[in-house]
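> Sequence:
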Amino acid sequence: MLHRKATLTEYGAAAPWALNFGSIAAQRLLPAYVRWLQSRGPDLVVYCPVAHFASVKLAIPDVSLLTAAGPGFFDAAIASTPGAPSSDALIAAIKGSEPNLKAVEALKAEMGLPELTLNTETGLPLICDYYAATNLVTTTPELADPVSKRDEEYYSKVGKKFVYVGPLLDVAGAKRAGGMLHAGGSEADSSPPATEALMARATTAARMIVYVSLGTVVTSDDESHGWTATSGSAITGRQLCQASCSAAREARRWVPTALKMAPRPQPAAFEGIDVPSNSLSASSWPQVDLLRKARPVLFVTNGGQNSLMESAAVGTPVVVCPGFGDQVTNAAKVVAQGWGVAVDRPAALADGAEAEEEAAVVSSYQAAVRRAVEEVLGGEYASKAKAVAAGLERAGGVEAAVRVLLEVANV
Numbered sequence: 009m010l011h012r013k014a015t016l017t018e019y020g021a022a023a024p025w026a027l028n029f030g031s032i033a034a035q036r037l038l039p040a041y042v043r044w045l046q047s048r049g050p051d052l053v054v055y056c057p058v059a060h061f062a063s064v065k066l067a068i069p070d071v072s073l074l075t076a077a078g079p080g081f082f083d084a085a086i087a088s089t090p091g092a093p094s095s096d097a098l099i100a101a102i103k104g105s106e107p108n109l110k111a112v113e114a115l116k117a118e119m120g121l122p123e124l125t126l127n128t129e130t131g132l133p134l135i136c137d138y139y140a141a142t143n144l145v146t147t148t149p150e151l152a153d154p155v156s157k158r159d160e161e162y163y164s165k166v167g168k169k170f171v172y173v174g175p176l177l178d179v180a181g182a183k184r185a186g187g188m189l190h191a192g193g194s195e196a197d198s199s200p201p202a203t204e205a206l207m208a209r210a211t212t213a214a215r216m217i218v219y220v221s222l223g224t225v226v227t228s229d230d231e232s233h234g235w236t237a238t239s240g241s242a243i244t245g246r247q248l249c250q251a252s253c254s255a256a257r258e259a260r261r262w263v264p265t266a267l268k269m270a271p272r273p274q275p276a277a278f279e280g281i282d283v284p285s286n287s288l289s290a291s292s293w294p295q296v297d298l299l300r301k302a303r304p305v306l307f308v309t310n311g312g313q314n315s316l317m318e319s320a321a322v323g324t325p326v327v328v329c330p331g332f333g334d335q336v337t338n339a340a341k342v343v344a345q346g347w348g349v350a351v352d353r354p355a356a357l358a359d360g361a362e363a364e365e366e367a368a369v370v371s372s373y374q375a376a377v378r379r380a381v382e383e384v385l386g387g388e389y390a391s392k393a394k395a396v397a398a399g400l401e402r403a404g405g406v407e408a409a410v411r412v413l414l415e416v417a418n419v
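Here my numbering runs 8 ahead of the position in the sequence shown, where the first position is 1.
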């Protein structure tokens, strides 16, 4: 985290675009990636997102793993974000950063690839240099964000293909990472024995379950999009999560016996919330296992790409409460395809807004989430979700991905 902050500081005023489009970290980390790969001697590198340059330098075959909704996801996120610059305007800002341009030139020299553009040339897709010749995409074409004709022609011309394999779901009980809290939180209620006990209760009681989890970023201490941040909206991450959990509680009459809520590890995460007796809560859940075993009747989610794919894979309809970025685009896609309802984060209030006005916004948002929960539980969304699940199953998942990897590795 400290390294990330130090790197972002070097971009100065350009910091808002630095994490996704800057080259300082990629240039600085290249020697470390090269040394590590040399020490392991792999026959193939599967990466997300920046090991490509080390693989190219060492002439090791590689495949990128794109866990967003296809190569059009950045354009879709930009289009859905109020006030966001166009891709060309973004490139102009990138080109105006002297520290970044120095990193670009250094990376081109280290790689011996003067043709690299690294987000500094208009008319080309964003992050196009980070893709390999073969790229796995963890969704299907039907669920992917649209790719412009210009970008399609570019990828075809340079020989970069995108193979849609659907979500890559691991085996039950696999070890997984938890939330993104860096400091100041407690995970006392999410130790393995405690979580396993909760999972057993959740999946063996033959109950209908509503699962609420708003992801790892909005519940983290990230300064831009975390627990106390607003992401440019009228409410903080904490208010978004607590309002969503409270809304699910208020709609509990639709759920015969059980409600599940899962905010990530934050102090006093449930402060001010009347947690019902038929709920189970933890700072972190093994989400893939929970969705598979409990088969919730509804998932209240932030609309992150992985959460949506994991939910869709088991045919669970959703209420999407997007926080920022591509979550907004994903929410609109869910609504258009009929397997859920979206509740947008309220727009920022004018400077100097009174506390009563802020409280009214939170109350209105909570009421909107409650209505969405009731609508999905009382509607035909489950049948649409099951149709989406069938499409994901046809994509092939892990087995399809393995076939692609073996082909690239020439095994």
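In short, the hints are calculated from the structure, not lab data.
Treat the hints loosely; a few may be bogus.
Derived DEER-like restraints, expressed as beta-carbon distance ranges [unchecked claim]:
hint, residue 1, residue 2, range
1, Arg300, Lys103, 17 to 27 Å
2, Lys110, Ser371, 42 to 52 Å
3, Glu401, Ala368, 42 to 52 Å
Note that the structure is a prediction, hence the values are computed from the model and not measured.
Here a beta-carbon is modelled for each residue, glycine too, at the ideal position from N, C-alpha and C.
> For each hint, tell me whether it holds in the structure or not.
Consistency of the hints with the structure:
In this structure the hint that arginine 300 and lysine 103 lie 17 to 27 Å apart at CB is violated, the actual value being about 47 Å. The supplied range of 42 to 52 Å is met by lysine 110 and serine 371, whose beta-carbon atoms lie about 50 Å from each other. Our hint of 42 to 52 Å for glutamate 401 and alanine 368 holds, since their Cβ atoms are close to 45 Å apart.
In summary, the one numbered hint that this structure violates is 1.
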